[in-house]
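Q: With the hints as extra help, turn the sequences into a complete structure.
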Amino acid sequence: MLHLKNINTHYGPIHILRNVNIEIYPGEIVCLLGGNASGKTTTLRTILGMVRPSAGEIYLDGERVDGLPTTEVVKRGISMVPENRRLFKRMTVLENLEMGAFLRHDHEGIQEDLERIFELFPRVKERLHQKAGTLSGGEQQMVAIGRALMARPKVLLMDEPSMGLAPVLVEQTFEIIQQINQQGTTIFVVEQNANMALSIAHRGYVLQTGRIVLADTAQNLLHNEMMRQAYLGEM
Amino acid sequence: MAKIAPVPEEAVLEDVRLKAPEVSLEQAAKLGGVAGIVAVFVSANGMVQAFAERDIISGILSMGYALLFLVPLIIAYLAAREPPVLEGFEAPQKGPRNVVAGLIVGAITGLFLVLFVLLASAVNLRRVFINISPQLLDLLTFGQGSGGLVLLAAGSLLMGAAGGLTQLLEAKWRRALWGAVAWTLLIGLLEVIVAQLFRGLGLNVLAPFFYAGTGGLTPVGAAIVFVIAFLYYWAVVPKVNQWQHAYAQMPAERQRSVRLSAVVAAVIVVAVTPQVLGPFVSEVLDLVGIFLLMGLGLNIVVGFAGLLDLGYVAFFAVGAYTTAILTSPASPRWSPEMSFWAALPFVILAAALAGIIVGTPVLRMRGDYLAIVTLGFGEIARLLLLSDWLRPVFGGAQGILKIPNLSIGPIVFRTPVDMFYPIVGFCLLAAYVSWKLKNSRIGRAWMAMREDEQVAEAMGVDIVEIKLKAFIVGAVIASFGGALFAVKIGSVFPHSFSLLVSITVLVLVIVGGLGSIPGVVVGTLALVGLPELLREFQEYRLLAYGVLLILMMLYRPEGLLPTKQWVRELHEEELMQDAWLKMEEDRRRAQAQAQTSQGDLPPAQPEEA
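As they're listed, the protein sequences go chains A and B. Following our numbering, the numbering of the first sequence begins with 1 at its first residue and continues without gaps. Following our numbering, the numbering of the second sequence begins with 236 at its first residue and continues without gaps.
The set of hints was computed from the structure by calculation and includes no laboratory data. One should not assume that every hint holds.
Listed below are the simulated EDC-like cross-link pairs for lysine to aspartate or glutamate, each with C-alpha atoms no more than 20 Å apart in a straight line [what the hints assert, rightly or not]:
#1 A:75 / B:700
#2 A:89 / B:325
#3 B:673 / A:98
#4 A:125 / B:688
#5 B:254 / B:325
#6 A:75 / B:603
#7 A:75 / B:325
If you're wondering where the values come from, they're calculated on a predicted model, not measured in any experiment.
A: So this is what it looks like as structure tokens:
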């Protein structure tokens, strides 16, 4: 469904991503693991067209999307939950959700999706006219996910959903990710918390200083010797 | 079994209600110091003396004394105010402590002033502080020499006490009293407008009754104004809420007719205003209108889209010079001599182009960088107009003269009174466009960009497009201001388009309340209208702007008439704190209750096992 082929990305003279190949099939949860500064966020930014790859191709449903402006990429069905949630703090929860559907014009569809999000997160409905900045971390996470879902994406990108959340909330978040996936959205999640991510993902990739060093099913990765030492915190 | 924790006694439950802090006398002493410094400052920089020329109440109170003594009065009032009482706390009793706080402020201010006078009469400070003149010292001692020092200290003390005493009044009385004082001062200062109003309304007989003719109200007039204003605040203002409620209760049809009559009334007032107020006040109102246009435009750029533009005057200049070149026979030979209306589309085009020229290079910039680059553009625009190189086009320092008057068919708008109408028309247009844009899709996108540019982009907002649109809309509105300015004055010179214009517009938008349309109107009236009417004020205008900006940022960052969103944002912390304290208290209460209701059952102890 989403296919990154030999992607190379530069920030100025700095070579960030080197020949990254990632393939995501419909209905999957795929995770991209890696430490700080390994290029995880850059991968997402490249997919969304916020940075142009210097070489390589990106396909969505067989159509090339690299080189397209972000607006166009979002229109074709990719949306993102940004790192640290980053809601529009001075706008209300409803306005935040509506911004997620910024490029859509199907009024009824938007209403439908709003209802669906309220079903998923009943708490969000209670806070609809409250300013997003006043919500707790967990609630902000819900709104951020809801906002991304409002674009009705084919592929949902998530940038470190566990960051800055209490362990209970992290678990809840990952349950929700699974739930969204079961409702038919393909998910590509970038994480440092490898244990958590692998527990829900079907497959995973490991990124190290801009290179994919491992790619396997989640089960295999959980038992991979190198993974266990480097990321899963076992000696 | 472990030792059972003692069951809390009844008294603990009673005492759960916390007491809010009382008025702090220490704080009052600090504020007194501030008041003293401010009072000495306004004396030493010449404001008191300059303002003493004008009477507010003839023979009794000059603007200089009013300024001097308002300092201890207002600061004593603030010092005597209790700190905000959080929900769930008990407000302290009002009492002598409030008055003492006021007295402390008055005493310290008096002390500072007396020391200042003593120092100034002992040492010649004039070499550095040229405004500390013998006349000033005379003024401060009421012409009584050293005996006046006692008067000065006593006056200051009295003002402090008065400020403290008003805190003891009920809110309703307090508001009425302060409102009446403010209106009396204002009516006293605005003799030009009010006396002209009497003349315009054919009530000429009233003027000598209220105004002494030498400036300022007569004592009787002042008393009447005071009483009327007092009654207004006491009896009418509390009813406004009821009226609003009544309006909301009306059936839709009646609401519509009420709205319609309000609009008709507003139209009539606007239509007769310049006629009644005469050419001088109309001139001021025209200027206010032109600044209002620019304010509305900048409000879109800064308030809605969050792009801090410090070179906004460039667009104003584009509007003025395009109009001048296209309409004036004195402009270069190759340019046509069109009418204002025929030139207008070209003005819009030129402004949009200017918006793109300024907007394109700063597309990837934010915040401070954007501000600095736009500042540069503003100066570039002025220097180009001034340059010898472009003298054949813009006329250099001599500018372009002989810009014909604005006309619609046979109607020619010659005088300031005439010009008022087209200016109001353009202002209404700009306000309507602002309002429409604010509630539109693009308004939403601007707000989202202001909040978080990258995330807005990730939502599919085309940042390049909406940034340019913000610059273009802002530029076009400012260019209308420029075009009207050009036809009103009849000539354009580069020096009319200095940095100061950009700053004034920015200040009035911030003071009014970023993003708020009524706020811009109030900001313009207060910051452009008032100084025009109070000539003495002109020299201290920038000082006042600076002080005002600092005070606004510290105490009312949302502006005078803010949008609801801003208030929420800025007073958030207080609310959160409030909620947190309340939660904490509820928890304590529940705990205490649970413990007493359990009676002698031991509360669960974690270490027990």
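Q: Could you run down the list of hints and mark each one as holding or not?
A: Comparing the hints with the structure gives:
About 16 Å separates the Cα atoms of residue 75 of chain A and residue 700 of chain B, which keeps this hinted pair within 20 Å; it holds. At roughly 33 Å between alpha-carbon atoms, residue 89 of chain A and residue 325 of chain B are farther apart than 20 Å, so this suggested pair is violated. With a C-alpha separation of about 15 Å, the suggested pairing of residue 673 of chain B with residue 98 of chain A holds against the 20 Å cut-off. Between residue 125 of chain A and residue 688 of chain B, the direct Cα distance comes to roughly 26 Å. Violation of the 20 Å bound is thereby established for this hinted pair.
Restraint check: the Cα-Cα separation between residue 254 of chain B and residue 325 of chain B comes to about 5 Å, which is no more than 20 Å; the hinted pair holds. The suggested pairing of residue 75 of chain A with residue 603 of chain B is violated, with an alpha-carbon distance near 32 Å, which exceeds 20 Å. Using a Cα cut-off of 20 Å, the hinted pair residue 75 of chain A and residue 325 of chain B is violated, with the two alpha carbons roughly 56 Å apart.
Hints 2, 4, 6 and 7, counting from the list given before, are not met by this structure.
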